[in-house]
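Asker: Knowing the structure of chain A, use the given hints to seat chains B, C and D on it.
Chains as they are written, first to last, in our numbering: chain A, 14 to 416; chain B, 14 to 416; chain C, 14 to 416; chain D, 14 to 416.
Just so you know, the hints here were simulated from the structure itself, not pulled from any lab data. Relax, there's no trap hidden among the hints.
No copy is singled out in the list; a pair is fine if it fits within one copy or between any two copies.
No farther apart than 25 Å at their CA atoms in a straight line, the calculated lysine to any residue pairs in the SDA-like style are these:
1) LYS403 with ALA151
2) LYS64 with LEU131
3) LYS64 with ALA109
4) LYS68 with SER19
5) LYS64 with ARG36
6) LYS299 with ARG201
7) LYS299 with ALA411
8) LYS127 with VAL80
9) LYS127 with VAL170
Protein chains: 4
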Amino acid sequence: MDFSHSPRALELIDSVGAFLRDRVSPAEAAARERLMASTDWSVPPEVEALKAEAKAAGLWNLFLPSVSGLSNVDYAPLAELMGRTHWGAEVMNCAAPDTGNMEVLHAFGTPEQKERWLAPLLEGSIRSAFCMTEPDVASSDATTMECTAVVDGDEVVVNGVKWWSTGVGHPDCELLVVMGVTDPSAPRHSRHSIVLVPRSTPGVTVERMLQTMGWYDAPGGHGQVRFDDVRVPLSNVVGQPGGAFAIAQGRLGPGRIHHCMRAIGLAEKALELACERAVSRTAFGKPIANLGGNRERIADARMAIQQSRLLVLHAAWLLDTEGLLGALSAISQIKVVVPNMAQSVVDLAIQLHGGAGLSQDFPLGPAWLVARALRIADGPDEVHRGVVAKIELAPYIARAAGN
Amino acid sequence: MDFSHSPRALELIDSVGAFLRDRVSPAEAAARERLMASTDWSVPPEVEALKAEAKAAGLWNLFLPSVSGLSNVDYAPLAELMGRTHWGAEVMNCAAPDTGNMEVLHAFGTPEQKERWLAPLLEGSIRSAFCMTEPDVASSDATTMECTAVVDGDEVVVNGVKWWSTGVGHPDCELLVVMGVTDPSAPRHSRHSIVLVPRSTPGVTVERMLQTMGWYDAPGGHGQVRFDDVRVPLSNVVGQPGGAFAIAQGRLGPGRIHHCMRAIGLAEKALELACERAVSRTAFGKPIANLGGNRERIADARMAIQQSRLLVLHAAWLLDTEGLLGALSAISQIKVVVPNMAQSVVDLAIQLHGGAGLSQDFPLGPAWLVARALRIADGPDEVHRGVVAKIELAPYIARAAGN
Amino acid sequence: MDFSHSPRALELIDSVGAFLRDRVSPAEAAARERLMASTDWSVPPEVEALKAEAKAAGLWNLFLPSVSGLSNVDYAPLAELMGRTHWGAEVMNCAAPDTGNMEVLHAFGTPEQKERWLAPLLEGSIRSAFCMTEPDVASSDATTMECTAVVDGDEVVVNGVKWWSTGVGHPDCELLVVMGVTDPSAPRHSRHSIVLVPRSTPGVTVERMLQTMGWYDAPGGHGQVRFDDVRVPLSNVVGQPGGAFAIAQGRLGPGRIHHCMRAIGLAEKALELACERAVSRTAFGKPIANLGGNRERIADARMAIQQSRLLVLHAAWLLDTEGLLGALSAISQIKVVVPNMAQSVVDLAIQLHGGAGLSQDFPLGPAWLVARALRIADGPDEVHRGVVAKIELAPYIARAAGN
Amino acid sequence: MDFSHSPRALELIDSVGAFLRDRVSPAEAAARERLMASTDWSVPPEVEALKAEAKAAGLWNLFLPSVSGLSNVDYAPLAELMGRTHWGAEVMNCAAPDTGNMEVLHAFGTPEQKERWLAPLLEGSIRSAFCMTEPDVASSDATTMECTAVVDGDEVVVNGVKWWSTGVGHPDCELLVVMGVTDPSAPRHSRHSIVLVPRSTPGVTVERMLQTMGWYDAPGGHGQVRFDDVRVPLSNVVGQPGGAFAIAQGRLGPGRIHHCMRAIGLAEKALELACERAVSRTAFGKPIANLGGNRERIADARMAIQQSRLLVLHAAWLLDTEGLLGALSAISQIKVVVPNMAQSVVDLAIQLHGGAGLSQDFPLGPAWLVARALRIADGPDEVHRGVVAKIELAPYIARAAGN
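If we strip away everything but chain A, and leave its shape as in the complex, we get:
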């Protein structure tokens, strides 16, 4: 058992860390008011400049093993570092949902699909959205999906309404990766297809941008998208019609590790701010660190972060060594543990800041929102707890049945 990072990971921890600290953080701090609660749907010029810098420095597409040569366990600490900042993942071309879409295209795309969509995504010249969740059904149960993707000769026709389509507001968003029902009578896991729909296809309408807790998360945002008889060539299906399930599953393993490691970075940043505040702000004659249970809460935060970090690193290692099936419970575990931990650590940091913690003077409001939303996005806590319990109980049920 060896908890040390590989030499390559250590080297990148240094260079990614330095880039984020020296280049990204100062730019963000200067743009703070704009970052938060913005309704400006244009791309901040700072982001464009930082993207060019990151690319030039080779800090680009690190999330994709075949490009970066990094395992999940090597990439994890880099994702954590990115999560400490607002723009970090984006300017290194490591932001969702593009990362997941690139993984899908890389693993399952045809040469034509790769040339048309993967190449510019890897280049960072276009952006993409992933359209799965729907407003009128419980999307954690995929069998309830209403959007259709019907094969009609050499075309696929998409009809339906999606929401929480992250990134669809971005001016560079040119690709929608859409999931729809192709054959409702097929077995449960062979009904859905993944279809590549250019944003500009007739019949595609972004009906509205959603607020999360009042925020639009511009310029990417989260959209409600209507598909009215949207027709694309059959060659725009990824894999086979009806083959969405396996593709989407493969997308989710690394994606959840990325999300969770970024959330750990965000919690670390919040704890850092909390500690700074705790030793520098004074009340009743003492630094507030020394009042009441504040030290205990800081200790609890450290323990919670450290436990969840080890849990994610272990899940990444399982994914690297045993594949998705061997990591199934572990990945659902981190998806429950990490966002709840992050929400609670950020809540503590807000409380230690008093009113300032809720204001635009600190990045704690958005941090809280990221953590909170992640308890719903990519499957709510309850669904993942269900997966963990199912795997835990399976051998007992088998044994009981054997009696």
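Answerer: Below, chains B, C and D without anything else, positioned relative to chain A:
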């Protein structure tokens, strides 16, 4: 022991409930998008119309015992009903910080101060702000206050910076009730004065409006206000110079009961939405009420709401029967218990709604924010826990000292 | 709304409080080693003496309204006081399971049953047990009960195994109140009968006494009782054959209020000990009250106790004013809230005492056990949460069905 | 980063696991009634037989690196396995407090001390106790210690009272490792000495055996020991007079890892029992696993166990690679996290078993007690949270001071 409401309270529960249900809620629903995350600092015309209606119906200034004839325990269920809506308290002229300011003027104001400020506030023709919290010190410890209110002949000169001055952005806000240090060498509880500062006095500058979690809470908002050599007549001091402490204390008892009862209304509303969602949304072939621990969480929410409601009613009864001193621990208790309960019930309601719970389609985002902010406003959890512990331990310390 | 106790309740609070403080507590303290973890199944002579005193002072059978003239809300604070001590309820003839059995006999017994069993129970000359729970089924679901009580001519024949039959070890235990299935084909709530079985009836065997966390709770204890073709006259059935359900239900309302109020007394006593320790024990140069989060935890304990006390008093008031049906949710609520609260307050008290808290030097070990066991006895937390949720959701389900 | 165990660890996981499963568990099950709540202070013959077996199989003294060649991270999973059983650690000569005493003698003992005491301890022919905690002071603050160990010529004289001296009741206990104050005027960390006191030395009196929650934990037990002018040769001091602090510190690192890994084993065992019960016991027509939030709680237990296991393994790795100083925070972290986790998992298992969970039919009562006591033993939660916070805040305080 009798837990039933008085006949007068029961009657008002009916009429206030009907007004909120039939008049306020529909108007709010129609204005939902505008209500949330607005940056429009004008008064919605609906609010003006509803104020006129409420006044005509006698549902006006119910919070003030000498006007309404209601005890705290009678008013409590009305405040709860108001808390279920966004505009309810405001359109019945029962919204903070005006309520607290009116209480102060009613109890401690001179006839001139009453005529000049209390009358139009009771009329609803002007609004007011309360300026106590400061950005550079821990305002839960009043001895750290930096703003000064120095007596200079027949004038008072105010210098300093306040923030979280709620309501200062409102176009009708004409009065700032400001607390400042008059004599730093006086005993701890005789240093501060409360000064009535017209919003238009030279030297008063609203430097910026604060966001809470990205929101401005327009049109009242929360401002950062600078006072540069702001001079008002000595007769603008409420009570005596140095007399702020007792005045502010008296303001806080009923105020915290109002806040807490409104937060209970908000939690009830959230639980109501959660139950509606739980029985109507289906996943994995069942209403989500019947999935996993959802029923248990709904039961826990009911128990938490009910316990905290009884705690507030009991505190209100203590305030009515024993006065502020006899209710000191009880009032700090509710200030800890209720906002935490409300935050947690709203969080559950959000989770049961999935992504929709965070969006503008439901009022759960703002509800969460109200509850969360209340864990800081009017004294953070930690300070109130300290008060409760101090009162709890006092007899033991006395006895131990007696040994 | 009036939170003050009635004059009669106030008077008894005084006299019961004085008797417990002056007579019961000192006797208990002297017998501490014997009280805890005893395997001596004889009745302590101190208990007999205290019973005589209590009876002479009129502090006897206060639990039974028709005897004492007290409502549930009047009796509640007396039960709380009894719960602060180990012997208090017993020496005032107010201890379970006799109380419940006396209530059953009082409400549903024939004149003969009353003369034979109720009279000596009220006198305190005999004791009784209640035999419902069974080892091989989930007793929270009464439909799984296996013990039978079959009518055979003018006799009833009982067969089966019961456990957690509290009090069956007591040398004075002469009566077993047994529930069994009479007609498995009857509607769900008309299958069971309640039968009065003299302890000495042939076929009754106490197979073993159960430990709870290693303790026998002597001399009453909790037994596993086997019934082999146990025959008693048909006139030993309480009410009608098949009528057990309504009888048992009626037994549970007041019983749960008694249990919960006693658990509140126990939590108060634990908090009292915790406060004494916190101000008198010193570490790192301070009383431990002033270390870390100890004050906050003491405040949290106070708030939790106070909330749960109000919840129980309100449930008692509902039971008094609206009867069992109107108090159904409230009674399940207290059954969840109070034991969990008490377990957690006692846990805190143990922690503040360090190792001593677990030792025989303080009564915190047994207090913890009482609270923990009560989360299972009389229906586990989960079942009561289910009842609360069912009642909470009923109107929403009805409305959804109406659509 | 590599989470796989070393080949040597894997091999021992197999052989230790088999020995515990095939030899120890069946013997324990047969002796269950005797194991729990026993007041028999003789050594069970089964234990003696199993010790011989373990020694013959080479499963002996595995805890001591210089004997077993195992690192802390290699030994950790073996300790976890031992923790699943009651006798496991003891019969493999890996039980506290002997392990810690052997470590101390191995690292700091003179050749004579080793021959006289270490050899028979390693042989398993004698047992030992560690006497540090005192009844009248807060032993988490060593500066309050009252027991003295005064150098008088070529002797050391010990005076004082210790309690929670674990193992002192064992018939084979021949050695007391005692900490006392030698020079109260020396610097804080140079005041205390560790003295080897034969159990039979005149002036040593075991005043009483302590109960924990009513249990004596026989035959080792926990004693209160009085030392009245107890004289031993100066050569019985371990290290130098005044040198206790460094010695005791070194003892605690591995010891806490052992304790925590055993507590994880105990939690795993409890979860196993809970899962078996959840799938086999039926209520309301379903296995109780499928009722309410039971599956979610099982999932939460799995996540909590897994997180804490990784935390302990990481702490063990830090201890192996960076020594005690580098592992200081990590070791305090596990000491907080693991016992709380174990207490909570066992509580869940008890609840899923209903009344049976508290009875002598399952080993859950003792498991709960082990976990609960560990939140106090070896430093209470609060002290360890303090250590974690101190290390966390140190750099911020240094930086703030640098301003």
